[in-house]
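Chains A and B, in that order, are what the protein sequence lines are.
Be aware that the first sequence starts at 1, since it is given in my numbering, and climbs by one per residue.
Be aware that the second sequence starts at 1001, since it is given in my numbering, and climbs by one per residue.
These aren't lab readings, by the way, just hints derived from the structure by calculation.
Fair warning: there could be bad hints in the mix.
With beta-carbon atoms standing in for the labels, derived distance ranges [claimed, not checked]: (1) B:1227 - A:287: 32 to 42 Å; (2) A:177 - B:1260: 17 to 27 Å; (3) B:1192 - A:107: 48 to 58 Å.
Every residue, glycine too, gets a C-beta built ideally from N, C-alpha and C.
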Amino acid sequence: MNPGEQMNPEDSVNPEARVNPEDPGARVNALDIRGLRLHLPGAARPVLDGVDLTVAPGETVALVGESGSGKTLTSRTALGLLPTGATAEGSVLVDGEDVLTMGPERLRALRTGRAAMIFQDPRAAINPLRRVGDFLTEGVRRTGVMGAADADRRAAELLDAVGLGPELLRRHPGRLSGGMLQRVMIAAALMGDPVLLLADEPTTALDVTSQAEVVALLDRLRERFGTGLLFVTHDLGLAAAISDRVHVMYAGRIVEHGPAEALFERPRHPYTAALLAATPRLDAGRGRLAAIDGQPPDLRQELPGCAFAARCRYATEPCRTEAPAPGPVACHHPLEGSRADD
Amino acid sequence: MTEAVLQVNGLCRSFGSVRAVDEVSFTLPAGGSLGIVGESGSGKTTTARIVVGLEQADAGEVSVRGRARTGRARGRAERLARAREVQMVFQDPYLSLDPRTSVEAVLRETLRLHFPGTDHAARIRELLDQVGLGTRAAEALPRQLSGGQRQRVAIARALAVEPDVLVLDEAVAALDVSVQAQVLNLLADIRERTGVGYLFITHDLGVVRCVTDEVIVMRHGRIVESGPTSQVLDAPQHAYTRLLLESVPRPGWDPERIAAARRAL
C-alpha cells in the first residue's frame, strides 16, 4: 500500500476472521476501538481524546508513544481496566462485544478468556510464592473454563510452545531469569485461548538479544493461534520491525497511523518525524541529536488546537486553535516524505 | 593521543563462583568518552562500580591521573579526594535523589562538603545554568520535577565537585526519547566545555554511536572486543558484537534468525 493512501479499517481485516452473527457480511475484529474518550476527575481535557484503533485476528498492530501519551491507558481499556473515577465515551469492542458496558461477571470471563495482557515486568506480575504451574492454571480453573487435569495439560503444552520444559511447572518464579519469566507470562496469557493479546512494553525490561527471542516467539504464536496482537511500546524502531500497522500517540490522541515501514521511512506527522530524528540510531553518525524542545502538554491544560503545536516547528495559527481532524495523519500541514529528513 | 585520565588494569571481581569481572583493562583519554556495552550479567555495571569505588576489586588497578584508587579509602580526606576524581550518575533519578531535599539544597550540601568556607550561591546558579535548569527548578523538590529534569539535577550534582571522570550508568535509559535526546546533547555540550571524561555504561548501541569515541564490548565479565566506536560498530570482529548489532530492531528485522544466532553462540 502507498503511504499516501487512506487506511481503511476494513482493509486490515483478515479474510479468515470469524463472521459477525448479526451482520454476516462483516468480519469481527479482535479489537475495535471507536471514538474512545476517557475523562479523569480534575483534568482539564480528556486523557484519551477520540482514539480509533482496530486489530484484526492474526494481525500485529503497534501503539507507540512516550510516557503520558495514553498508550497504556488505551490498551488497558480493552480489558475494562479504567483508572478510578474515570468516565469513558465511545466503544471498545473485543471480539465484537463492548467492554465498556460489560458487568463484572462478563469482565472476569473476558480477562481469563478472550483477551489477555502481557506486562512489562514479569517479576511484578507473577506471584513469587506460587509455583509456575499454579500461576498458569489459576485463572482458567477459578472461572471454571477448564478442569484441573485439562488445565495442567494445557499449561504443559503452552510451556512447550514458548520453548520451556514441563519441569518448570513445579518451580518457583524466583528461580527463573527475566527472559524465561516473560515466556511464562506469555504462556499464561495464552491459557484462555485469547482472540486478543495485549503486550505492554513486553521486552523493555529484557536484554536486546532476549528481546529478539521474545518477539520471535510472540510472532510465531500469533500466527499459530490466529491471535490479534496489540503491541504497546515507546520504541518506534521496534514497532516498525514487528508490526503490520503502527499508531503513534501524543497527549491522548492518535496523531498518525499507517503501514509500519512507510511510517518509519516517510513519517508525515511532524511529531512522528521529530521522534524518529531524536532517536539515537545505529545507522546515523556521531554528534548532536535533533531533540524536541519543550514538554508534552500538561493534563491541567486545555488543548483547543493540535496537541503538538507548542513544540512543532511547522505550527501556524490554525494549529493552536483548531484540532486537526482524525485520520491517517492528524495534522493541518502533513509533511511530504522529503521534509521529514531536514 | 592525549594523557590518560583513567587507567584500568587487569580488573577482577568474583561473586561466589561467578567471575563478574575478568581481567578487564582499558584507558580513558582526558576529555574522552568511552562506552561499555553488554547485556545483564556482562560485568559492565560491576566494572563501573569498582571505578567509582562502590565495589572493591579482587585484583587489578584503577588510577585517575596516575593516582591509584584501588583498595579502601583511608579517612575522610582521602574519601572526599576520590569523590572529586570520579562521580557517578545512575539510571533512575527517582531513586538517586532525596525526596525531601530541594534541588538547591542538594547542590549546596555537595559544595559545602567539598569546598567548605566559600560562597556557593554563584556556583549553584552556574551549575543549574550548565544543565539547563532555571531558578524556578532550584526551589523544587524532586517529585515536582519531570524525569528529564531530575536527571539534569543528578548531572549538576555530579559536576559540582569538578570531577575528572563522570561515570554514567544507563543514565538516559529511563528517559523518553525526546527527553533522552535533550540530555544526550547536554552531556555532549558539557564535555566540550569542561573537558570532563565520560565512562558511558549502556546497553543501547544507538546511544554508543551518538556519544562515545571508543567502545568496549563485554560478555560474561570479559572484554570481547574494543576499539574506536565507528570501527567496532561498522566492522565488528567478534560474533557477539555482530549479534548485538543485529538485535537492534529495524524494519525488515528478523527476530527468528537472531534468536537462532543467540542459541548458537
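Evaluation of the provided hints:
no.	hint	verdict
1	B:1227 - A:287: 32 to 42 Å	violated, 19 Å
2	A:177 - B:1260: 17 to 27 Å	holds, 19 Å
3	B:1192 - A:107: 48 to 58 Å	holds, 56 Å
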